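Q: Sequence:
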Amino acid sequence: MKRIGYFNAVISDGGKPILATVTVYVLGTSTKATIYADPAGTSEKDNPFQTDSCGRFQFFASAGHYDIEISGTGITAFKIENVFLDLPYSWLDIVCDGGDVVTDSGEIVFSSSF
Numbered sequence: 001m002k003r004i005g006y007f008n009a010v011i012s013d014g015g016k017p018i019l020a021t022v023t024v025y026v027l028g029t030s031t032k033a034t035i036y037a038d039p040a041g042t043s044e045k046d047n048p049f050q051t052d053s054c055g056r057f058q059f060f061a062s063a064g065h066y067d068i069e070i071s072g073t074g075i076t077a078f079k080i081e082n083v084f085l086d087l088p089y090s091w092l093d094i095v096c097d098g099g100d101v102v103t104d105s106g107e108i109v110f111s112s113s114f
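Residue numbers (our numbering): 1 to 114.
Be aware that a few hints might be false.
Said to hold, decoys possible - Below, a list of computed lysine-lysine pairs in the DSS-like style, where the Cα atoms sit at most 27 Å apart:
1) K79 - K16
2) K32 - K45
3) K45 - K16
4) K79 - K45
As the list claims (entries may be wrong) - Label-pair distances were calculated between CB atoms; the ranges are:
5) A77 - A40: 28 to 34 Å
6) A63 - K16: 30 to 36 Å
7) K16 - H65: 28 to 34 Å
8) A40 - K16: 33 to 39 Å
9) A40 - K79: 26 to 32 Å
10) G28 - S53: 28 to 34 Å
11) R56 - D86: 17 to 23 Å
Read the hints as simulated data drawn from the structure, not as lab findings.
Every value quoted in this text rests on a predicted model; they were computed, and no experiment measured them.
From the three backbone atoms N, C-alpha and C, an ideal C-beta is built for every residue, glycine too.
Hey, can you work out the whole structure from these sequences and the hints?
A: Right, here's the structure in full:
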């Protein structure tokens, strides 16, 4: 049985959802990671994929380290590097605050104007 981690995030700008394209990479490479739509890891998910209408996205992947790129119309593409997926799940709020992209812990991971 493979170890599967879960990643769930919301991208917003002052409470307004941001519709974006999400691409998951093997850490430190340009190789797209194999990701899944289910916790058993039996149904592969398209990579890249779109956030939903509320700016949310989620995926399952083998436990490990990944880079997650966010891009789209009106968005300066940015990458969240060295994201560790562990069991049972990982959660991250990505909020655009005055041009800074901050995590739920307040760490600025990218600075731009949206």
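Q: Next, verify each hint and record whether it holds.
A: These are the hints, each one checked on the structure:
no.: 1; hint: K79 - K16; in the structure: holds (20 Å)
no.: 2; hint: K32 - K45; in the structure: holds (12 Å)
no.: 3; hint: K45 - K16; in the structure: holds (26 Å)
no.: 4; hint: K79 - K45; in the structure: holds (20 Å)
no.: 5; hint: A77 - A40: 28 to 34 Å; in the structure: holds (31 Å)
no.: 6; hint: A63 - K16: 30 to 36 Å; in the structure: holds (33 Å)
no.: 7; hint: K16 - H65: 28 to 34 Å; in the structure: holds (31 Å)
no.: 8; hint: A40 - K16: 33 to 39 Å; in the structure: holds (34 Å)
no.: 9; hint: A40 - K79: 26 to 32 Å; in the structure: holds (28 Å)
no.: 10; hint: G28 - S53: 28 to 34 Å; in the structure: holds (32 Å)
no.: 11; hint: R56 - D86: 17 to 23 Å; in the structure: holds (20 Å)
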